[in-house]
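Peer 1: Top to bottom, those sequences are chains A and B.
Heads up: the first sequence begins at 51 in the working numbering, then just goes up one per residue.
Heads up: the second sequence begins at 51 in the working numbering, then just goes up one per residue.
Certain hints may be false.
Said to hold, decoys possible - Below, in silico cross-link-like pairs of lysine-lysine (DSSO-like), each with a Cα-Cα straight-line distance of 30 Å or less:
(1) K297/B x K358/A
(2) K60/A x K119/A
(3) K297/B x K358/B
(4) K297/B x K315/A
(5) K315/A x K358/A
(6) K358/B x K315/B
Unchecked claim - Covered by chain A, according to a simulated footprint, are these stretches of chain B (three or more residues, beta-carbon under 8 Å):
(7) 72 to 84
(8) 336 to 347
Calculated directly from the structure, the hints in this document are not laboratory data.
A quick note: this is a predicted structure, and the numbers were derived from the prediction, not measured.
All C-beta atoms, glycine included, are put in the ideal place defined by N, C-alpha and C.
Protein chains: 2
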Amino acid sequence: MSTGETQRVKFMLIGAGNVGLRFLNLVESKRATLRERLGLELILVGVADRSGVARNPEGLPVPEIVALKQEGRGVGEHPHWGVPSETGLEMVQAGGADLLVEASPANMVDGQPALACIEEALSDGMHVVTANKAPLVLAFPRLAELARDNGVQLRYDATVAGGLPAVNIGQRDLAVAEIHRLEGVLNLTTNYILTRMAQDEMSYEEALSHAQAAGHAETDPTLDVEGWDAANKLVILAHSVLRFPAKLDDVEVTGITGVDEEALKAAAAEGTRIKLVAIAEADGDRYRLSVRPTRLPADHPLAQLGPKQMGIVFHTDINGSISAAIVEDTPIPTAAAVLRDVGEIYASEGRI
Amino acid sequence: MSTGETQRVKFMLIGAGNVGLRFLNLVESKRATLRERLGLELILVGVADRSGVARNPEGLPVPEIVALKQEGRGVGEHPHWGVPSETGLEMVQAGGADLLVEASPANMVDGQPALACIEEALSDGMHVVTANKAPLVLAFPRLAELARDNGVQLRYDATVAGGLPAVNIGQRDLAVAEIHRLEGVLNLTTNYILTRMAQDEMSYEEALSHAQAAGHAETDPTLDVEGWDAANKLVILAHSVLRFPAKLDDVEVTGITGVDEEALKAAAAEGTRIKLVAIAEADGDRYRLSVRPTRLPADHPLAQLGPKQMGIVFHTDINGSISAAIVEDTPIPTAAAVLRDVGEIYASEGRI
């Protein structure tokens, strides 16, 4: 895809936690690959976390930033480039980058501070890649319009089902299709719990604590187990792939807390599996959206998913039924999906 | 993706058979969708089959061409625009189009006449979308270089596993990944036969004749059942996704004719399934390539494939293990993959 020349891209990063830090590690470890395959050189010029920002218009030393975070310190504490008094938004407002990577924690109440940072970046002509569901669930149409009006790209494949290219397949490979039904196992925590309960005859509590120990569930798993995380992802798919401007309120949501061992056993005895399935079903020019524990026949592509898998099925008019799944043992594929989005922006800009 | 303006793209089509004709039907039935979603208007200015060509620089009436073919006649016989004395290559040489869609039958001996048409088109600055494996298997490096040198795109997602976006996922979603192992059920005929033999306890001969009756196998199924079709697809994946310049000779090939009902029963008794699996396994900076009947554990993503499915699994360093599968009841998804490639060329050109 490279045209022989190397394109130098200055980027800022908001959020240096689970995804952000792994993304920085990938930027560093994949430096040669990015240059050779995509003709891309990524230069970190600013990074923000709760401690403030670190910034240098000529480029920050990525390994030093990573090391600082791994010591449990904040980027604002960097001896040369740290600015503890500055916020991520102020850093974006100051400009000086081509691309914003937004990977701060999802704030489902008002999307802040991510939403303001993304709006500022798009308005200022920066491309944006985000791993943060909240701004998209709360303000998809406005952000899409801002990107269009400013001639920049907004990409967010990492927000839906980790490293599974669900948005990408839907937007690109099914660009001309009508999708009459979409089904997804979009939340890792609940799939881990249900699958372990069924396979290993664990109680819900046991499976949850295993998930937490393995890093597949939060300390407070409410958003996951009550189905809201999957519902958020379904809203993003509705906007981006189904061209249906859904709100979270449009999704009928039932979590997995009511699924007991008896129900799982009964399902297995009939050769079926219970999964938490997010479904969009075409209904005239609308879609009916739901997230609920669903019995799937054993040969359904989503029935087969193991505890560390997520998956999606698109039923279409002209592209057949296409399914995709990912095995995600670590959070690296989610960070790699952010990097993939970055690569795709510049590959599509420079594609010949 | 549309920027508001409609881009008029003149295209020529070589081959108006199974894929080519269905592609024309899709161009017609998806006209409004192409315009609304991609800002694309496709104008057929020339079409070639064995009877000659039909051409009109202002645009041919697609429904008339389709009707002519459905009557069993050739495009050279079109009363106004038919030129029986002209070949597809001469039509391409005459120029006047932005895009060549090549969908003639695969000639695995020398790739002709498709290879010459594609070379001519690329050299002349036309984008090319092909559904024809032969030119790619025989001359991938030369064609890729021609496209690069002339600043045009060569796309071929429809050549590998019908409508499954195997090349697309590999090239785009795994652009920065190292793929250490790739496994694919890439041939529909053999998967249909093996799956029916196992599920319905048919003999090979019964399953083959069912496949032929359902249009899932050729009258002469040799290339499919002896594994060469899958091997060809593996060679294309090696070049395009693995960056490994393989030749057909590099693939160890065993077909399915030696798989009997006893072997399938024995496999099932142990909870495994036998599929014809194309495998690329990293070995230093090379890949070992093979196509052979392979026992898969029941929870392997490819083990679950039904008779009308194909699938692929990519095992990667940073993107986890990603699998994808398609249910393909008709040849329409293959034609839709050609249309998807066309759309992607202009979406990526105009993407903002």
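Peer 1: Hints broken by the structure, by number, lowest first?
Peer 2: 1, 4, 8
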